[in-house]
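One line per chain: the protein sequences are A and B, in this order.
Counting from 1, one number per residue, gives the positions in the first sequence under my numbering.
Counting from 1, one number per residue, gives the positions in the second sequence under my numbering.
What the hints contain is simulated information worked out from the structure, not anything from laboratory work.
Ideal placement from N, C-alpha and C gives every residue a C-beta, glycine not left out.
Be careful, since some hints might not be right.
Some chain A residues well away from chain B (every beta-carbon gap over 12 Å; in silico) [unchecked claim]:
| no. | residue |
| --- | --- |
| 1 | 52 |
| 2 | 65 |
| 3 | 83 |
| 4 | 151 |
| 5 | 157 |
| 6 | 162 |
| 7 | 164 |
| 8 | 196 |
| 9 | 261 |
No more than 35 Å apart at the CA atoms, straight line, and that leaves these computed lysine-lysine pairs for DSBU-like [as the list claims (entries may be wrong)]:
| no. | chain 1 | residue 1 | chain 2 | residue 2 |
| --- | --- | --- | --- | --- |
| 10 | B | 81 | A | 16 |
| 11 | B | 253 | B | 16 |
| 12 | B | 244 | B | 214 |
| 13 | A | 13 | B | 80 |
| 14 | A | 16 | B | 80 |
| 15 | A | 13 | B | 253 |
| 16 | B | 155 | B | 244 |
| 17 | B | 218 | A | 13 |
| 18 | A | 13 | B | 16 |
| 19 | A | 272 | B | 81 |
| 20 | B | 16 | A | 272 |
| 21 | B | 149 | A | 186 |
| 22 | A | 42 | B | 149 |
| 23 | B | 167 | B | 149 |
| 24 | B | 214 | B | 80 |
| 25 | B | 112 | B | 218 |
| 26 | A | 268 | A | 186 |
| 27 | B | 167 | A | 42 |
| 28 | A | 268 | A | 16 |
| 29 | B | 16 | A | 268 |
| 30 | B | 81 | A | 13 |
| 31 | B | 80 | B | 149 |
| 32 | A | 42 | B | 214 |
| 33 | A | 13 | A | 272 |
| 34 | A | 13 | B | 149 |
| 35 | B | 16 | A | 186 |
| 36 | B | 175 | A | 42 |
| 37 | A | 272 | B | 112 |
| 38 | B | 155 | B | 81 |
| 39 | B | 307 | B | 80 |
| 40 | A | 46 | A | 272 |
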Amino acid sequence: MQQILHSSTTVIKPSKGWVSIRLRDLWEYRELLYFLTWRDIKVRYKQTALGALWAIIQPFFTMVVFSLFFGRLAKVPSDGIPYPLFSFAALVPWTFFANGLSQSSNSLVGSTDLITKVYFPRLIIPVSSVLSGFIDFAIAFIVFMAMAFYYGIYPALSIILLPFLLLLGLITALGVGLWLSALNVKFRDVRYTIPFLTQFWLFATPIAYPSSLLSEPWRTIYGINPMVGVVEGFRWALLGADTAPGAIIFVSALVSMGLLVSGAFYFKRMEKFFADII
Amino acid sequence: MSDIGINVENLSKQYKIGAAADKGRTFREALTDKIVTPLRLMRNTFFRPDTSGFNAEPARIGSGGSELIWALKNISFQIKKGEVVGIIGRNGAGKTTLLKILSRITEPTEGKVSINGRVGSLLEVGAGFHSELTGRENIYLNGAILGMKKAEIDKKFDNIVTFAEIKRFIDTPVKRYSSGMYMRLAFAVAAQLEPEILLVDEVLAVGDALFQTKCLAKMSSITQQGRTVLFVSHNMSAISSICKTGILLEAGKISFAGPVQEAVSIYLDQFSGTSQRGMQLSLRKDRTGTGEAKLVNFCLEDENGKKIVQIRNGQTVRFIFDYITKSNQEVEDVDFQIVMLTQEAGLLFQFPLAPGHYRLDAYLAARGKPSDYISWLTLVDVIDGDFYQSGYCIFEKESKFLVDGSFSFQESH
Chain A
1 MQQILHSSTT VIKPSKGWVS IRLRDLWEYR ELLYFLTWRD IKVRYKQTAL
51 GALWAIIQPF FTMVVFSLFF GRLAKVPSDG IPYPLFSFAA LVPWTFFANG
101 LSQSSNSLVG STDLITKVYF PRLIIPVSSV LSGFIDFAIA FIVFMAMAFY
151 YGIYPALSII LLPFLLLLGL ITALGVGLWL SALNVKFRDV RYTIPFLTQF
201 WLFATPIAYP SSLLSEPWRT IYGINPMVGV VEGFRWALLG ADTAPGAIIF
251 VSALVSMGLL VSGAFYFKRM EKFFADII
Chain B
1 MSDIGINVEN LSKQYKIGAA ADKGRTFREA LTDKIVTPLR LMRNTFFRPD
51 TSGFNAEPAR IGSGGSELIW ALKNISFQIK KGEVVGIIGR NGAGKTTLLK
101 ILSRITEPTE GKVSINGRVG SLLEVGAGFH SELTGRENIY LNGAILGMKK
151 AEIDKKFDNI VTFAEIKRFI DTPVKRYSSG MYMRLAFAVA AQLEPEILLV
201 DEVLAVGDAL FQTKCLAKMS SITQQGRTVL FVSHNMSAIS SICKTGILLE
251 AGKISFAGPV QEAVSIYLDQ FSGTSQRGMQ LSLRKDRTGT GEAKLVNFCL
301 EDENGKKIVQ IRNGQTVRFI FDYITKSNQE VEDVDFQIVM LTQEAGLLFQ
351 FPLAPGHYRL DAYLAARGKP SDYISWLTLV DVIDGDFYQS GYCIFEKESK
401 FLVDGSFSFQ ESH
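Next up, chain A with everything else stripped away, as it sits in the complex (with noise of 0.2 Å):
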């Protein structure tokens, strides 16, 4: 069932090879997106028993043994931040970004009957479930900021650049989710390698060790993990670590930048073939 606005001429035909992204499509279906977002909220907790608490449990109790296992018996670093605080300020935004990579990757092949039935730009499908996170993330920011509380520790006011830091963490969560959404329509093996992906970059991302382990020049090449960026920016902003991640943002930045942009163009290749081998 479908329904596309167009009040002139649609001209259909095959299409070779790489595609404009046609943002203007995306935009006038903008209502598609808020819906279809929502209803990933909505959803994510029915019929549980816990509900919305499944938002803290994940990357509370990964904090809870991180702190156990290598801030008390391997003594790692933490930048002279409590082990606790300092895992949990980089377990936010990863929680968000591992589960919007995970969520969008599965997205399409989850929507056959959309994609098989209804036309609209299937760019729709992994960006809202990308977007969906976000009321997880604003829950377990929440807990963190009264965690902070707890510990005396109280934001300085680079606390205003943690939007941007955001936003790094969602492109990447995109453009990996856009790459490997529409590998999955073609090889259902991507649905395999998405939790050994997301947990080989866990341990490949500071979390729960400090990246000043690494000494420059190397710590800004680490920053060609996007995640690396993510994570140290959300603990200099919101802890004041006297880790300014200046030069690792912008490395990230690009790469996920580039990220964004390849798979968005793979994802609108692919594209004509989704209805078809779904």
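With chain A fixed as given, assemble chain B onto it according to the hints.
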């Protein structure tokens, strides 16, 4: 611009079938393909099969478990603004593929389509419904999926609820709805679509008889508002009553385009006297028996003597067999058996099978001796005709055979 609503030029669509179309390919297969494909291309260059024929079978190319099939091949037609066109043809003739291309769900392989005006298409009612969400929430979600703006849905909300007759359950999750309520709600949202060009696929094939009547009435009223409508259906009576023009598709090609009555009768003629494979019954060689009496023609009629291709269960059906005798002389004591029903041929009241496809075998005996036996005479298509007058569908998987009976409870003292 001009008065042309839809202009289709040399439209073709190729699908991969067989192994290559399997869901969920793996990287390993893709890698193997990268190596094998050049070899295959080379071979196809030297041995290119003829794809230009106008055969009953769709043109096929390819090998090695993966076949390429032309679901549509060089289709061209024009539809004027305000014209109501029915698209008919057998399963696999390319009807749905055509609609999917026009709705931009899938891309054509070749050719071009120009559409003047806002398009709305109904390939399925209730697409995107989420079972956990309430009726109210699903109206908004489904409306947005159909391309309606929130303000538009707000305005039409009461109409939708009234049309669907679900006022009391509007805040209940749709997973608690009966299938009838679910379908009514889905159709009610779809019925609010007000595009200039409407593409509809078989929506009438679902739901109970009452719902189908309602849909049909809505369809008729839509067509009277001067909209351009493209309507795909197997329901010939609906097609003939709604549409003025008919396009008959056969194996991905247009075999007829013109007045709807003509299109329908050409389509129906294919079924009478032809086997499943499109062969004249009298030409069938795969038969056994003495041949003293031979079947040459077969068709189905309803109680008014009108040819039908589908049987609604509960309907009265006449199975009509023409046979010839060897010497063209009257043979007494001819006995028919239709294996599908194991019942003497003739009038069948209240056709008792559940919806589905049934294979029909016919057996003819003359003077007590087997004279002609043809297996797989044809495939009979049975659709739901609300056998129990209950308003609910009986699906094939629940029961094959419908029994009429009545029960009553008696209080015991």
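- Message: Over 12 Å from every CB of chain B: does residue 52(A) meet that, or does the non-interface label fail?
- Response: holds, 15 Å
- Measuring Cβ to Cβ, find out whether residue 157(A) lies farther than 12 Å from everything in chain B. At about 38 Å from chain B, residue 157(A) clears the 12 Å cut-off, so the statement holds.
- Holds or violated: residue 167(B) to residue 42(A), with C-alpha atoms at most 35 Å apart: The hint holds at about 22 Å.
- Hinted pair residue 112(B) and residue 218(B), Cα distance within 35 Å: holds, 31 Å
- Task: Determine whether the non-interface label on residue 261(A) survives the test: each CB of chain B must be over 12 Å from its CB.
- Result: holds, 23 Å
- Task: Please confirm whether residue 196(A) is truly not at the interface, meaning its C-beta sits more than 12 Å away from all C-beta atoms of chain B.
- Result: Holds, since 14 Å exceeds 12 Å.
- Item | Proposed proximity, residue 149(B) with residue 42(A) (alpha carbon, max 35 Å) | The given pair, whose Cα atoms are some 20 Å apart, holds under the 35 Å limit.
- Task: Decide if the proposed pair is consistent with the structure: residue 13(A) and residue 272(A), CA atoms, cutoff 35 Å inclusive.
- Result: holds, 11 Å
- Can the restraint linking residue 155(B) and residue 81(B) be considered satisfied, given a maximum Cα separation of 35 Å? Between residue 155(B) and residue 81(B) the Cα gap is close to 28 Å, so the pair holds against 35 Å.
- Can the restraint linking residue 155(B) and residue 244(B) be considered satisfied, given a maximum Cα separation of 35 Å? holds, 33 Å
- Item | Holds or violated: residue 16(B) to residue 268(A), with C-alpha atoms at most 35 Å apart | Cα-Cα ~21 Å, so holds.
- Message: Can you confirm whether the C-alpha distance between residue 81(B) and residue 13(A) stays at or below 35 Å?
- Response: Holds - the C-alpha atoms of residue 13(A) and residue 81(B) are around 21 Å apart, at most 35 Å.
Comparing the model with each earlier hint shows no violations; every hint is respected.
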